[in-house]
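S.K.: Each chain, letter by letter, is given below.
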Amino acid sequence: MKDKTGLVVALVLFACLIVVPPLLPTFYTGLVTLILIFAIFAMSLDILQGYTGLASLGHAAFLGTAAYVVAILNVKVFKGPHFTVELIAGILSAAFVAAIFGLFVLRSRQTYFLMILLASSMMLWGIAFKWRSLTGGDDGLPGIARPNLSAIHLNLANTTHFYYFVLLFFLIAIILMYLVVRSSFGHTLMGIRESETRMQALGYNIWLQKYLAFIVSSVFAGLAGVLLVYYNGFVSPSELHLVLSAEALIMVILGGSGTLFGPAIGAAIITLIKNFVSGYTEHWMIILGAIYIATVVLAPQGVYRLIKQLMRK
Amino acid sequence: MTFFITQAINGIVFGMLLFLLAAGMTLILGTMRIVNLAHGSFYLLGGYIGYSVAQYTQSFTLACLAAVAIAVLGIITYKTLFEKKFARETVAQVLITFGMLLIISDVCRWIWGGNPLAIPKPELLSGTLHLGDIVFPVYRLAVIVIGVLILAFLWWFQEKTKYGAIVRAGVDDEEMTQGIGINISLVKTLIFSLGALLAGFAGVIGGPFVGLSVGLDIEILLLAMVVVIIGGMGSLKGALVGALLIGLVDSFGKSLLPEISLFTIFAAMVIVLAIRPGGLFGVK
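Residue numbers (my numbering), protein chains in the order written: chain V, 11 to 323; chain B, 1069 to 1352.
No lab work stands behind these hints, which were simulated from the structure alone.
You may find that some hints are simply not true.
Stated by the list, open to error - Taking lysine to aspartate or glutamate and the DMTMM-like style, the derived pairs with C-alpha atoms no more than 20 Å apart in a straight line are:
#  : chain 1 : residue 1 : chain 2 : residue 2
1  : B       : 1147      : B       : 1157
2  : B       : 1153      : B       : 1243
3  : B       : 1152      : B       : 1287
4  : B       : 1152      : B       : 1243
5  : V       : 140       : B       : 1287
6  : V       : 140       : V       : 204
7  : V       : 284       : B       : 1174
8  : B       : 1322      : V       : 148
9  : B       : 1305      : B       : 1243
10 : V       : 140       : B       : 1327
Stated by the list, open to error - Residues from chain B that face chain V, not an exhaustive set, calculated with beta carbons under 8 Å:
#  : residue
11 : 1097
12 : 1158
13 : 1160
14 : 1167
15 : 1173
16 : 1326
17 : 1334
18 : 1337
19 : 1339
Backbone N, C-alpha and C fix where the C-beta goes; we use that ideal spot for every residue, glycine too.
Could you put the whole structure together from the sequences, leaning on the hints where they help?
M.R.: See below:
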């Protein structure tokens, strides 16, 4: 019975997402596209943060690497969009960074893990910032063209076409991530979150499971990076910055850590606030900072769980 | 050779500055396991307040008192947010302190504008020192002296006083320390405000040669964090060795390999972690 309500809600939401472009002005279609991209990003972090218990402030490393790889291929190598190659290269590069980082960050725990991953991800930011000849430095790389997929009649330069294209990837990602957290692998991760020593006693290789979680999470963050770079047509070092990593974390906590769908709600809230508040005041960072603090103090369990409680009453 | 010596002294000067930051950070981490992402913001805010005090009073010594304001901010932060409620929740701590980072950063830009500022050097220390071919500003050498004095004080505090013994005991085993009837809460407040004080002070004395600019908060935070990672949480000795190492790597890296200067720091961190996962002088 409970599962059925969940399914109904999911279908209603999906229906709403489908009718966004015909009902809302182009500006809002673009905004919802951005929300979907950040939702993928936030959910990918939830696999680490919520399910495995690995609090991370370095998640932008995966999104940013994928974004830069796509941008460099697009602007410097192919001199134009080459979708399949760029998608695969972007996602693989994110997984590659995770595979390297995982080797040394996963030897530590909690605060130490968090700090080492933070420093490592900012190292990538430093490279993007300083290596002008390849990355364009802090000016970034502009002029990234969206692909025209004439084989399936999608010209992504068109906002509506691009919206449905992102929605498709959002659905694929959400289903795959749902299957991951529901699988026995997902339950192993939750076991690690609750008690590492107990899982070790049961014969699990904790390091390996965490390593795999790290890579799986990075793959989806990489997908978000590929979509984001097409959305913006532009990449800059801020895609690798601590500020973006922290934004992903607040999306997860605000939405509800360990609920998978919650972080998507968190992504929507944060993206909307950033968009509207920055239109009203120059000092939106103060408001955003206050939201960080207020979330932790007032709603640490997350919006998703609050909604669920309300629906049960 | 001149190049080498100049860069080495530059590295040691910057290392001393990083030591002031990392010492507070590592003690806070060691005793309370609090990751304070606003530590670099304390540095920057201290520097900006010091700048205004120096503008108003024309006195560098009074500017240094800006650090006291930061210490008060530290006490308020600790008492309201970390003492009871989020004492053990890493994620809550990093989100709260990151929120503070955003707020302080925007407030600084609001009050002091987006252009880089520098605190004028005290007149007494504004000369240069000539040693053969090497020309060196006296001020930077003074920073080394100040750093050594603070280092000596911290060492005395931690090794020779009762409070220091409590701090060391707290780093090793907090429950046991409380178990033998020690009021660790007061010591924690003291450590947190000391960390903030040192960060604010570093901001003022760094003001004349590092400058004050938007984004410096995160840059400084990152370097201090790498120092703590390399040195090991809770170890003052580690903070000193790590700070000098990173100061030197940063100084030589920036002049020899400017394109990948942050990468050289990171490489130093990874090499240390590969050999000693808990840092050079970490507890575990």
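S.K.: Can you name, in rising order, the numbers of the hints this structure does not satisfy?
M.R.: Those not satisfied are hints 3, 6, 9 and 19.
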